[in-house]
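Visitor: Taken in sequence, the protein lines are chains A and B.
Per the working numbering, the first sequence starts with residue 1, numbered consecutively.
Per the working numbering, the second sequence starts with residue 1, numbered consecutively.
Fair warning: there could be bad hints in the mix.
[Said to hold, decoys possible] Which bits of chain B does chain A cover? Going by a derived footprint, with three or more residues having C-beta under 8 Å, they are:
hint: 1; stretch: 9–16
hint: 2; stretch: 22–28
hint: 3; stretch: 55–62
hint: 4; stretch: 153–161
[What the hints assert, rightly or not] Stretch by stretch, here's where chain B covers chain A in the computed footprint (C-beta under 8 Å, at least three residues):
hint: 5; stretch: 30–36
hint: 6; stretch: 77–86
Everything labelled a hint here was simulated from the structure, so no lab data went into it.
Even glycine gets a Cβ: it sits at the ideal position worked out from N, Cα and C.
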Amino acid sequence: MQRMAAESRRSQMLRGVLDLCLLAVVVDEPAYGYEMTRRLRERGLSTVGEGSIYPLLGRLERDGLVATHRAASDGGPPRKYYSASPSGHRALTEGVRAWRDVRGEVDSVLATIEAEVA
Amino acid sequence: MTAYVEECRQEWKRLGVPDLLADEMATDLEADLAEAQADGISAAEILGESDPRRFAAAWARERGLVDEPPPERRHRRRWIWATVGFALALVFVVVLGLFAAVGVSVHTHVSGPGPQTLRSVVIPSFIGMKACHAREIGLESGLQVERIPSRRCDAVVVAQQPVRGTLIPLPQRRRIIVTLRLRG
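Make the full structure from the sequences, and use the hints.
Guide: This is the structure in structure tokens:
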């Protein structure tokens, strides 16, 4: 029960910033859908339980925060590559600033609480 | 094509997603799933949704390829009724609250009889009168009227019990309470 609650909380927290994470992994180099999942995992973020990234990518595309193009992938069919657009760069910068502000504020509230590690 | 992707295709077709875009999404998804499987990554991580139709609809919606789903008519109707019900309940509570907060706190008890020669009294109408005027009318009707605080003199009578025209027989020593509710 507690584990489910913890997962639910993690999921809720991640949903607010997953779009930033996706922008972050294509800000320097374009990537196709699965490649983005792989980059997230390499940086320590598993998206299991957070829902698929595809609808989120669809929203980023609709909002003009990512640019797309099709290109051949290594040995596979042509893939749709995503990269951060100028608007996406700005959104990422602002989003990261907001995230750090919130994180700092929350940390200062929670800093006095010692987490028990089972 | 996997069964999951095939169901996505059907859903996109049903939603009216252009074939070209549906093909593109299906191809990308198929390739991604195959690559993930080769890496030992679960389809759950890639898809995040066990229901292909829901997944497909969410993706198309977020891309702006289909409109937001309208709420079901039945649900919409239920919401309308719920809203109307809530509004009525709110009005009821507010009216009740007004009576309780304003009226009850200034209940004016008009008691009778005055002169013992009266054998009955007809309750006059006090509704719409200012409180002090109602008191005068009550006195003229042979009722004993409790004092009304001067600050409530201009409050308006909005209800009364017994209602006007009620014939009250007055056996000796019997005490009739006429309750007025005031507002203002």
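Visitor: Each of the hints needs a verdict: does it hold here or not?
Guide: Results for each hint:
no.	hint	in the structure
1	9–16	violated (count 0)
2	22–28	holds (count 4)
3	55–62	holds (count 6)
4	153–161	violated (count 0)
5	30–36	holds (count 3)
6	77–86	holds (count 3)
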